[in-house]
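Trainee: Sequence:
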Amino acid sequence: MKRDLAAERAFNDKCPVCATADLVCQKWTVLVIRDLAEGSCRFCELERSLAGISPRTLSLRLRALEGEGIVERKTFPEVPPRVEYALTEKGRGLLPLIDDMRAFGREWLLDEDGSRVPAAA
1 MKRDLAAERA
11 FNDKCPVCAT
21 ADLVCQKWTV
31 LVIRDLAEGS
41 CRFCELERSL
51 AGISPRTLSL
61 RLRALEGEGI
71 VERKTFPEVP
81 PRVEYALTEK
91 GRGLLPLIDD
101 MRAFGREWLL
111 DEDGSRVPAA
121 A
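Residues in the sequence shown are numbered consecutively from 1, following the numbering used here.
These are calculated hints, taken from the structure and not from any lab test. A couple of the hints might just be wrong.
As the list claims (entries may be wrong) - Distance ranges between label pairs, derived from CB positions:
1. P81 with D113: 35 to 45 Å
2. P55 with L97: 25 to 35 Å
3. S115 with K74: 30 to 40 Å
All of these numbers come straight from a predicted model, not from anything done at the bench. Just so you know, even glycine gets a beta-carbon here, dropped at the ideal spot from N, CA and C.
Just need the whole structure built from these sequences, with the hints factored in.
Mentor: Here is the structure:
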């Protein structure tokens with residue numbers, strides 16, 4: 001039996017879980033939000049804290065989050081120019097989700113020493 005893709009899409013477009021997942025499930029996005037939870041950061045600070053992210057990917061994620069109203073970019077009139085990124089009120093609204101993910105990881109995925117727990121058979 002074929003599913004009605006239009007009906008499924010209409011449901012997903014109106015589902016708050018789907019909308020939130022669409023926002024935060026791109027690679028690195030949750031980690032950018034996690035790091036900005038500590039306070040405003042410069043691009044190079046975020047790049048250092050997110051080992052393995054390319055400058056292009058970080059730039060794309062920051063731009064996308066800024067476009068969604070999750071992150072604000074503040075430019076200071078200095079020489080050389082200084083730019084900092086911070087969470088908006090909307091962005092801070094995602095912090096309970098980050099806290100829940102941290103608690104889940106501690107409870108179900110990591111040992112006390114931070115090693116990954118093997119999946120139960």
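Trainee: Are the hints correct? Go through all of them and say.
Mentor: Here is what the structure says about each hint:
1. P81 with D113: 35 to 45 Å: 43 Å, holds
2. P55 with L97: 25 to 35 Å: 26 Å, holds
3. S115 with K74: 30 to 40 Å: 39 Å, holds
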